[in-house]
Amino acid sequence: MNISVYITPVLLVLLLLYCAKKRVNAYGTFANGAKDAIKLCLDVLPFLVTIFVAIQLFKISGLTSLLANFLSPIMNTIQIPSELTELMLIRPFSGSGSLALLEDIFSTYGADSYIARCASVIMGSSETIFYVATIYPSQTKAKRLVYAIPVALVCNIFSAIIACIVCRFC
Amino acid sequence: MKKIWFFMVLSSIVTLIFVNPEDCINAMMNAGSDAVALTIKLLGIYAVWLGIIALVDATGLSNKIANLLDPVIDWLFGRTDSETKKYLALNMSANLLGLGNACTPTGLKAMEGLDRQNNSLTASTAMIMLVVINATSIQLIPTTVIGLRQQYGSTSSSDIIVPTLIATIISTVLAVFLVKLCAKIKERLKR
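As they're listed, the protein sequences go chains A and B. Those letters in the first sequence? Residues 1 to 170, by the working numbering. Those letters in the second sequence? Residues 1 to 191, by the working numbering.
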């Protein structure tokens with residue numbers, strides 16, 4: 001079993017003991033903090049709906065596979081297997097969508113194949129960029145993120161290249 | 001973001017008109033209910049995390065973490081007030097611990113704090129830094145992926161931990177560097 005599973009529970013125990021030492025009313029404080037989640041989710045919901053509509057439409061229109069086909073040769077030149085193009089396209093938009101693609105790759109190529117391992121690392125080392133870029137500025141006055149999305153995307157592609165190189169050796 | 005959204009929706013609907021027009025509205029409705037389902041799921045997750053964060057805050061631990069991370073925060077985000085600094089510190093510790101779901105509530109609060117100081121329609125460098133760091137967040141143990149590999153009969157499902165760590169650290173370091181570089185270029189152009 002992995003040692004990492006103990007990190008959070010142990011930290012929580014320490015936190016509770018610390019609360020007792022500092023005489024903090026853990027019950028009331030926890031409930032009060034949890035209350036904030038309602039406002040947070042209500043604030044975030046409209047933006048989630050908006051971006052989900054775009055992702056869903058993009059997916060069922062077949063434009064993702066079209067774009068993936070178009071990008072495959074480019075991917076090959078930067079050392080990324082072309083089978084991973086669609087995963088890389090979906091990953092910044094949707095966590096569940098890219099997870100489904102990852103499952104496809106596992107069942108097609110086998111979970112221990114080179115392709116599958118590259119896909120796993122790409123999946124694990126990247127985030128749903130557009131989710132972050134939608135949610136984070138949802139409550140702020142400043143809406144223009146200038147170069148934030150391009151920078152994040154460039155880093156994503158770069159880490160995918162690294163992933164495919166590292167997977168050859170590890 | 002607004003340009004990307006507009007382009008995605010427009011091109012998709014135009015394509016759908018030719019491919020299968022009857023699916024268009026259905027897909028949009030499905031997307032809406034998916035978003036609501038996700039929000040309800042997140043509501044529970046965020047409630048628990050915000051409860052825990054409230055405990056961290058009430059014991060004064062968050063100020064201690066903020067003091068500890070002070071030099072890093074100053075370097076990454078510039079000067080901020082202590083309240084914002086606290087949330088930035090919590091957001092970064094959540095990132096480092098790989099607690100993805102604890103990042104969003106703290107990140108949003110930090111974002112609001114940075115926004116108050118910024119007072120402009122264009123995001124400040126600190127705000128961009130926060131978004132980019134969270135968009136390339138460091139993932140210590142990719143538990144979901146490991147679980148999925150096991151399910152598909154992998155014999156060494158955790159051998160992706162090290163490659164993932166390498167890729168994720170490189171991407172975050174690169175992100176910080178690129179944001180700093182872009183900020184410098186932008187400043188030059190202003191002059």
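Hints listed in this document are in silico derivations from the structure and should not be mistaken for laboratory results. On a predicted model such as this, the values are computed, not experimentally measured, just so you know. A couple of the hints might just be wrong.
[What the hints assert, rightly or not] Calculated lysine-lysine pairs in the BS3-like style (CA-CA distance at most 25 Å, straight line):
1) A:21 x A:141
2) A:59 x B:190
3) A:141 x B:186
4) A:39 x B:41
5) B:184 x A:22
6) B:184 x A:143
7) A:39 x A:143
8) B:186 x B:41
9) A:59 x B:180
10) A:22 x B:64
11) A:143 x B:180
12) B:2 x B:186
13) B:2 x A:143
14) A:141 x B:64
15) B:184 x A:39
16) A:143 x B:64
17) A:21 x B:2
18) A:22 x B:3
19) A:35 x A:141
20) B:180 x B:190
21) A:35 x B:184
22) B:64 x A:21
23) A:59 x B:41
24) B:190 x A:143
25) A:22 x A:39
26) B:2 x A:141
27) A:39 x B:180
[To be verified] Label-pair restraints from in silico Cβ distances:
28) B:119 x A:104: 20 to 30 Å
29) B:119 x A:69: 15 to 25 Å
30) A:169 x B:36: 13 to 23 Å
31) B:191 x A:143: 34 to 44 Å
32) B:36 x A:76: 33 to 43 Å
33) A:22 x B:186: 41 to 51 Å
Idealized CB from N, CA, C, for every residue including glycine.
Hinted pair residue 39 of chain A and residue 180 of chain B, Cα distance within 25 Å: violated, 33 Å
25 Å limit on alpha-carbon distance, applied to hinted pair residue 59 of chain A and residue 41 of chain B: Given pair residue 59 of chain A, residue 41 of chain B holds - Cα atoms ~23 Å apart, limit 25 Å.
Holds or violated: residue 143 of chain A to residue 180 of chain B, with C-alpha atoms at most 25 Å apart: holds, 20 Å
Given pair status - residue 190 of chain B, residue 180 of chain B, alpha carbons within 25 Å: holds, 16 Å
Given hint residue 41 of chain B paired with residue 186 of chain B - CA-CA distance at most 25 Å: violated, 40 Å
Satisfaction of hint between residue 190 of chain B and residue 59 of chain A, Cα-Cα up to 25 Å: violated, 40 Å
Straight-line alpha-carbon gap residue 2 of chain B to residue 186 of chain B, limit 25 Å: holds, 21 Å
Agreement of residue 141 of chain A and residue 64 of chain B with the hint, judged by alpha carbon distance not exceeding 25 Å: violated, 30 Å
Straight-line alpha-carbon gap residue 59 of chain A to residue 180 of chain B, limit 25 Å: Cα-Cα ~34 Å, so violated.
Hinted pair residue 190 of chain B and residue 143 of chain A, Cα distance within 25 Å: holds, 20 Å
Pair hint outcome, residue 143 of chain A versus residue 64 of chain B [Cα-Cα no greater than 25 Å]: Roughly 32 Å between the alpha carbons, so the hint for residue 143 of chain A and residue 64 of chain B is violated.
Holds or violated: residue 22 of chain A to residue 39 of chain A, with C-alpha atoms at most 25 Å apart: Violated: residue 22 of chain A and residue 39 of chain A sit about 29 Å apart, past 25 Å.
Hint compliance for this structure: hints 1, 2, 5, 8, 9, 14, 15, 16, 17, 18, 21, 25, 27, 28, 29, 30 and 31 are broken, all remaining hints hold.
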